[in-house]
Amino acid sequence: DGGITQSPKYLFRKEGQNVTLSCEQNLNHDAMYWYRQDPGQGLRLIYYSQIVNDFQKGDIAEGYSVSREKKESFPLTVTSAQKNPTAFYLCASRGADRVLGGYTFGSGTRLTVV
Amino acid sequence: AQSVTQLDSQVPVFEEAPVELRCNYSSSVSVYLFWYVQYPNQGLQLLLKYLSGSTLVESINGFEAEFNKSQTSFHLRKPSVHISDTAEYFCAVSEGSTGGFKTIFGAGTRLFVKA
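Going down the list, the protein sequences come from chains A and B. Residue numbering for the first sequence follows the working numbering, beginning at 1 and increasing consecutively. Residue numbering for the second sequence follows the working numbering, beginning at 1001 and increasing consecutively.
Pulled out of the complex, with its shape left as it was, chain A reads as follows:
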């Protein structure tokens, strides 16, 4: 079955470390997104990519970086510049019809700073 796979499910980061969250989709979707979820704040957009080798900053991009070298993959790196990285991170994708189908979400990665 097609879907989005995020790994790992749980991730622990030490102060000053960079960590990378994986997101892979086999839906043949053009657009991919990274959201951060904090309690009571809903979802906030970090980065998005509408096509391979192109990506744009979302509302809270500082301290994060992404790449889109393949259509199927959109990894997110949480850098040491992100001062409060503890959160639930969700990857999503959307097909060529952009809006009509809504998003397909992965099951998330919970990142904790230790």
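Just so you know, the hints here were simulated from the structure itself, not pulled from any lab data. Some hints could be false.
To be verified - Quick partial rundown of chain B residues pointing at chain A, CB under 10 Å, derived from the structure:
(1) 1006
(2) 1025
(3) 1036
(4) 1041
(5) 1044
(6) 1046
(7) 1092
(8) 1103
(9) 1104
(10) 1107
(11) 1112
All C-beta atoms in this analysis are idealised placements derived from N, C-alpha and C, irrespective of residue type, glycine included.
We have chain A; now place chain B onto it with these hints.
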């Protein structure tokens, strides 16, 4: 500017009772509206959507939502809830004729169904 307001952060309700989760949005152009459901430690799943046509849309598990343009609302309802409906529900809005590349999510409403 586009915004989405979910008026209740938590809604406790007894099993088999009706429930309404409220969502209001602000936008100056045509919109596409969505409700997503999130179970603990999982991603969001699309529950239902309004794109055009009939203002009342339904999901396969008994939820329905009605688009009210004059009140800029898209409230979610279910006439009789089950324990398994306990989850967080997010209203989302995409704006414009092509929907744009970005969707705004509400802060979420946690539905807690009690036996």
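Hints versus structure:
no.	hint	verdict
1	1006	holds, 8 Å
2	1025	violated, 13 Å
3	1036	holds, 8 Å
4	1041	holds, 7 Å
5	1044	holds, 5 Å
6	1046	holds, 4 Å
7	1092	holds, 8 Å
8	1103	holds, 7 Å
9	1104	holds, 9 Å
10	1107	holds, 4 Å
11	1112	violated, 15 Å
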